[in-house]
Amino acid sequence: MMHFVKKGIAARKLGKPPGTIANYSVEGGRKTVAQVFEYGADFCNESVCEQIDELKPFAKSSERQWITITGLNDENYLKQLSEIFEIDKLTMEDIMNPNHRPKFEAFDGYIFVVMKILTLNSSGRPEAEQVSLIFNETRVLLFKEKDEDVFEPVRDRLRKVSGKLRNYGPDYLALMLIDVIVDNYLYVLDSLSDTMDVYEEELIKHPDRFSGDLMHSFKRELSYIRKVSFPLREITSGLMRSDTRFIKQETELFFRDVHDHVVNVIETIEALREMAKEIYDLYISKISVRTNEIMQTLTIISTVFIPLTFIVGVYGMNFENMPELKWAWGYFAVWVIMIVCAFIMVLFFKRKKWL
11 MMHFVKKGIA ARKLGKPPGT IANYSVEGGR KTVAQVFEYG ADFCNESVCE QIDELKPFAK
71 SSERQWITIT GLNDENYLKQ LSEIFEIDKL TMEDIMNPNH RPKFEAFDGY IFVVMKILTL
131 NSSGRPEAEQ VSLIFNETRV LLFKEKDEDV FEPVRDRLRK VSGKLRNYGP DYLALMLIDV
191 IVDNYLYVLD SLSDTMDVYE EELIKHPDRF SGDLMHSFKR ELSYIRKVSF PLREITSGLM
251 RSDTRFIKQE TELFFRDVHD HVVNVIETIE ALREMAKEIY DLYISKISVR TNEIMQTLTI
311 ISTVFIPLTF IVGVYGMNFE NMPELKWAWG YFAVWVIMIV CAFIMVLFFK RKKWL
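Take 11 as the starting number for the sequence shown in our numbering and just add one per residue.
Note that these hints are calculated values from the structure, not bench results.
Here a beta-carbon is modelled for each residue, glycine too, at the ideal position from N, C-alpha and C.
Wrong hints could be hidden among the right ones.
Stated by the list, open to error - Straight line, CA to CA, 30 Å or less: simulated BS3-like cross-link-like pairs of lysine-lysine:
#1 Lys-41 - Lys-89
#2 Lys-41 - Lys-99
#3 Lys-41 - Lys-113
#4 Lys-66 - Lys-41
Claimed, not checked - Pair ranges (Cβ atoms, derived):
#5 Phe-240 - Leu-100: 37 to 45 Å
#6 His-271 - Lys-66: 33 to 41 Å
#7 Ile-347 - Lys-229: 41 to 49 Å
#8 Glu-60 - His-226: 22 to 30 Å
#9 Ala-338 - Lys-360: 49 to 57 Å
#10 Ile-276 - Glu-115: 19 to 27 Å
#11 His-226 - Val-346: 53 to 61 Å
#12 Arg-266 - Glu-162: 20 to 28 Å
#13 Asp-159 - Phe-240: 19 to 27 Å
#14 His-271 - Gln-90: 17 to 25 Å
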């Protein structure tokens, strides 16, 4: 099941002023490390910076850069990083809050984007992780918590000499990263669609073994995905219409394509939500039908025993003058009468197709 909100996060911000970089880390979290790509049309240098001082030369460089910060547990590291690259405190606060709503924001010195990236865990269930992007005319800063990385194909393209990525600016690189995030939504939704088909088939073939808890969890997952995906449309629309020097005109055309993918994501989510509702309604209908069948069977059994109970009740009375009690074959006659009555009633119910 997806983890929606990390507990205790709101409590850590209580009473603190805006721009406070609160420590949302958990014990045993990943150490903060920076991976740096410095590239141009004819070169690409790659390095890993475990110490914050190692990043200072890159802040002064005019070459294009892609810096990935993995692990958001080191509060001091991130505070110094914000000073080195002149990142606003409010931006850093949003970056370190793993439950922040996805958004787009343009500053004087950079563009800031917060998104949720969806992946599938080892059990095939969706998981969400917050990813933050900062980019300007010189570099792209990517912030994420986990080691698992869906951006490796972009790095491979950057390493290739013939890659188009080297000839474009950081705005195009940021576009590629956003495109990867959106593509992962489509991949996860395709997987959920397949899962829903399996649930539907299982419900139709084996309604007795189907668990309604599965659909309840599934609907919760879709609701969360819908919650984090709807702001994507605002983000891509804002990037397309943003009057900023950090996004070139030729890159805006590519953002339109990503925006179309986002619209596809939202439409797919709505379709899956409607399908999930229909399957859940079918499940409730199956339960109602099964309950009605059980009640019908119990009612028929009770109806069959009504005349038998009447006969037994009559001959269970304690009157002294009951001639049948003296008959030698009276006991067997009562049994025959009860069996015949039961047989006639069962035959009647079968002809009515109630049995």
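Cβ distance range 19 to 27 Å for Ile-276 and Glu-115, holds or violated: holds (21 Å)
Using the beta carbons of Glu-60 and His-226, state whether their distance is inside 22 to 30 Å or not. Since the Cβ atoms of Glu-60 and His-226 sit about 44 Å apart, the hinted range of 22 to 30 Å is violated.
If you draw a straight line from the CA of Lys-66 to the CA of Lys-41, is it 30 Å or shorter? Holds, at roughly 19 Å.
For Lys-41 and Lys-113, compute the direct alpha-carbon distance and say whether it is at most 30 Å. holds (26 Å)
Leu-100 and Phe-240 - C-beta distance against the hinted 37 to 45 Å: violated (23 Å)
Can the suggested window of 41 to 49 Å be confirmed for the beta-carbon pair Ile-347 and Lys-229? violated (57 Å)
Go ahead and decide if the range 19 to 27 Å is satisfied by the Cβ distance of Asp-159 to Phe-240. holds (25 Å)
Please check whether His-271 and Lys-66 have a Cβ separation lying inside 33 to 41 Å. 37 Å Cβ-Cβ, so the 33 to 41 Å window holds.
Kindly confirm whether 49 to 57 Å is satisfied by the beta carbon distance between Ala-338 and Lys-360. 35 Å Cβ-Cβ, so the 49 to 57 Å window is violated.
Can you tell me whether the CB distance of His-271 to Gln-90 sits inside 17 to 25 Å? With a Cβ separation near 36 Å, His-271 and Gln-90 fall outside 17 to 25 Å, so the hint is violated.
Against the 30 Å threshold, does the CA-CA distance of Lys-41 and Lys-99 hold or violate the hint? holds (21 Å)
Could you check the hint for me, namely that His-226 and Val-346 are 53 to 61 Å apart, CB to CB? Holds: the Cβ-Cβ distance is about 55 Å, inside 53 to 61 Å.
The structure fails hints 5, 7, 8, 9, 14 (numbered hints given earlier, in ascending order).
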